[in-house]
Amino acid sequence: MSTPTMFTPTEPGTSFSSRIGGLAKARETGILLALLLVIAITTIKNPAFLFSSDGFRDLLLTPSILVIVAIGEAIVIITRNVDLSVGSILGLSAYFTGQLFIASPGIPIVAVFALGILFGALLGLINGALVAFAKVPSLVITLGTLYIYRGINLAWTGSDRIDPSDLPRAFLRLGTQTILGIPVLTLIAVVVLVIAAWYMKNTRGGREFYAIGSDPGAAELYGLKVTQRVLVAFLVSGALAGLAGVLYAARYGTVNAQAGLGFELEAVGAAVIGGVAIFGGSGTLWGAAFGAYLLFTINRALPVLGIPDFWQRAVVGVLIIGAIVLDRVLALRQSRKLIEARDEDHG
Amino acid sequence: MSQPADRRTPTLELRDVSKAFGQVIALRSGSLTLYPGSIHALVGENGAGKSTLVKIIAGLYHRDSGTFELEGQPVDFKSTAESKAAGIAVIYQEPTLFPDLSVTENIFMGRQPVGRFGRVDRKAMRNEVRELMAGLGVKIDPDRPAEGLSIADQQIIEIAKAISLDAKVLIMDEPTAALSGVEVERLFTVARSLRDEDRALLFISHRFDEVFDLCDTITVMRDGTYISTDAASDTSVPEIVRRMVGRDVDELFPKQEAKIGDPLLVVENLNMPGVFHDIDFTVRSGEIVGLAGLVGAGRSEVARAIFGVDPYQTGKVTLESKTVPPNNPSAAMSMGLALVPEDRRKQGLVIDSTVGRNITTAIRRLLAKFGLITTGMENESAQVWASRLEVKTRALDAIAGTLSGGNQQKVVLGKWLATKPRVLIIDEPTRGIDVGTKAEVHRMMSELAGQGLGILMISSELPEVLGMADRVLVMREGRITAELDRKDADSESVMFAATHAAEESYA
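Protein chains in written order, with our numbering: chain A, 1 to 347; chain B, 1001 to 1507.
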């Protein structure tokens, strides 16, 4: 068309897809490597950490509930929002689950799962409606519902609690059962992860979550249904926290008003460690799931390594800040590369 | 409604469209007719209503009255999505892309081709983008993220989006403002090929050489009103400029003659690469120097650099022969410089605070006794200025945000005058202010000059510049392109200097 020498083509081999794709993968593989390293070091110190019958199971089992919550949290963060109420939703759903078994002893377990998820979805919908329609930042809204949901939980539970004896044995078994050596809870988490990650990567809806988080103003100009998507993100986050609540009841058997306290921070931490940008638009659910595993595995590894309780909290903080610094450095390097490549193209 | 018999049905036709925002009328009577296979220019001064008209076409605003037809059918867009679905694509000066997503995703967002289970067909999208880019004659990797792309490339992506949508109408709002000469040529090549595909293009620009180079038809707007439409071959630059500015400018602003004294503010060879270059000028005591030019010419940036809000690389600023240190606004303030910024609501006022507190903001330190300030002390000091400036408010305790634009501007002025400045830099003193208050602001500026202040006034409104300034500096693309005395300055000469491209822009 015009002077072709002005715009020399980029070599197909050095195309951005490979470089940027590699970078994004490096972020998730990096977390995975860190996770394996933690497991390896801890196992050398105490082989039972991995090689005892319970060790392997617990390694997979313990973070599974957080993985499910972190997936929902990551979806919300990708839309440039945050859901601080997931811990409270988890706690309330867990108690709700116990009450269901007490109120109608013969209730099928499947129905309890469905009702628990529905209950969480309803609480998430309230969050989403407040954020999407009232146009108040989600940080404030969900900070509010964090206390409201927890308050309802306290009022409802009081000094009461659900005991394992209140729950059917089949339900409790779910919490620790394994299939081919893999805990059922982990399998549930993996199924949720695979479906949600596939949706986010490959469907219009999933891509729109990223678009909205990347630039909400542009999303409006593109004519995307921003309100609806944000609503769905909170709904999904609530539903997954509800599912996590049911699993919590199955896993621990004991549910009091404190269940899931502080879980929201673990979920946000997991997402951030896993490379989900806190300002939305980038990151993957796989990353968030790996982040959840790393977070809880370190928590379990530190006592084995003989590190005092006090420092265990600090290590989590270092991990989160380290992840953010890493992201920042990578982002700066990437944007420099992208600008360089542009100049080369137009040189 | 009669149409020329020899022309086809217009692709888009607007007639007597108006739009008001509360009291402010943004568009009185806009008319525009676009034909297929034509590139149509829309020109007018800043504030002539071009952008409002475009936003109505884009579905961002809804018109208050008038007719709007697309291919002969009346339309009524309530959202950008409706306008887009009807085949209208708008390319803004600053494109709006998703920085984190790939070029391909940006082009297809919201309408990706899907296969089984709703899976987005990446391969089909990438292939279409390759074809689009080849058709446009540009090389942009479809898989790279939009982040880091030049504005020119981002515009190409917007155009590619419009083509893949098969847009019938393509509107480009000052697309060349941020482009280099080569990039402009590439854009024009693309625009011409789109015209040859029988699409209707609307091109908004302040650069007349580009308008005459690219467009076949030119519509002029002034003060929110349609003025004329001509074939480009039947008119000329001076003719168009006359229509753009054509109004009596001397009556509005009663400028008092002030005695012009010694140089106060001397700016020597100020440079900031990519922002402004070789800025040299002097403001004398009692003098009002107008800094004219188009939006984006770098005027506010120069003002901010002089005041020390932004850094500059080389050059020197002196005030009454003393060097003003760079990048140090508080030093500039204490030396006697004051800057009334362009955006009152964001930069000039604490909008949620009271009038009294706003006026005394800049003199906090002087007022404080033992580091403490009481509301009484604030109001006492503020009262002096509020009454001198005739701020119309019931009380100094009124919240600044509730005042009218004109009164807000007076509060900002009062705040700076309380610092007893020697030189006042005032950026767009009357933007968004009603006509009556406008004259009052001008009277105040005139009085201040009479008291021996030096004033540097940045303004995009030609009548204001011509009416108020003793001397006019014209900036274009970061450089001062003309310095005109009051007697030599007229609409044509200022507009010419503001828009006339230097030859070297086109390699």
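To be clear, the hints were calculated from the coordinates, so they are not data collected in a lab. From the three backbone atoms N, C-alpha and C, an ideal C-beta is built for every residue, glycine too. Careful, some of the hints might be misleading.
Said to hold, decoys possible - Which bits of chain B does chain A cover? Going by a derived footprint, with three or more residues having C-beta under 8 Å, they are:
hint: 1; segment: 1075 to 1082
hint: 2; segment: 1465 to 1475
Stated by the list, open to error - Below 30 Å or equal to it, Euclidean Cα-Cα: the simulated DSSO-like pairs (lysine-lysine) are:
hint: 3; chain 1: B; residue 1: 1139; chain 2: B; residue 2: 1123
hint: 4; chain 1: B; residue 1: 1316; chain 2: B; residue 2: 1420
hint: 5; chain 1: A; residue 1: 337; chain 2: B; residue 2: 1139
hint: 6; chain 1: A; residue 1: 225; chain 2: B; residue 2: 1168
hint: 7; chain 1: A; residue 1: 225; chain 2: B; residue 2: 1322
hint: 8; chain 1: B; residue 1: 1168; chain 2: B; residue 2: 1139
hint: 9; chain 1: B; residue 1: 1055; chain 2: B; residue 2: 1255
hint: 10; chain 1: B; residue 1: 1139; chain 2: B; residue 2: 1078
hint: 11; chain 1: B; residue 1: 1055; chain 2: A; residue 2: 135
hint: 12; chain 1: B; residue 1: 1055; chain 2: B; residue 2: 1078
hint: 13; chain 1: A; residue 1: 201; chain 2: A; residue 2: 135
hint: 14; chain 1: B; residue 1: 1420; chain 2: B; residue 2: 1255
hint: 15; chain 1: B; residue 1: 1123; chain 2: B; residue 2: 1259
hint: 16; chain 1: A; residue 1: 135; chain 2: B; residue 2: 1078
hint: 17; chain 1: B; residue 1: 1055; chain 2: B; residue 2: 1259
hint: 18; chain 1: A; residue 1: 225; chain 2: A; residue 2: 201
hint: 19; chain 1: B; residue 1: 1259; chain 2: A; residue 2: 201
hint: 20; chain 1: B; residue 1: 1123; chain 2: A; residue 2: 201
hint: 21; chain 1: B; residue 1: 1168; chain 2: B; residue 2: 1055
hint: 22; chain 1: A; residue 1: 337; chain 2: B; residue 2: 1123
hint: 23; chain 1: B; residue 1: 1078; chain 2: A; residue 2: 225
hint: 24; chain 1: B; residue 1: 1316; chain 2: B; residue 2: 1259
hint: 25; chain 1: B; residue 1: 1168; chain 2: B; residue 2: 1322
hint: 26; chain 1: A; residue 1: 201; chain 2: A; residue 2: 337
hint: 27; chain 1: A; residue 1: 225; chain 2: B; residue 2: 1123
hint: 28; chain 1: B; residue 1: 1168; chain 2: B; residue 2: 1123
hint: 29; chain 1: B; residue 1: 1259; chain 2: B; residue 2: 1322
hint: 30; chain 1: A; residue 1: 135; chain 2: A; residue 2: 225
Tell me the numbers of any earlier hints that the structure contravenes, in ascending order.
Checked against the structure, the hints that fail are numbers 2, 7, 9, 10, 15, 17, 19 and 25, while the rest are satisfied.
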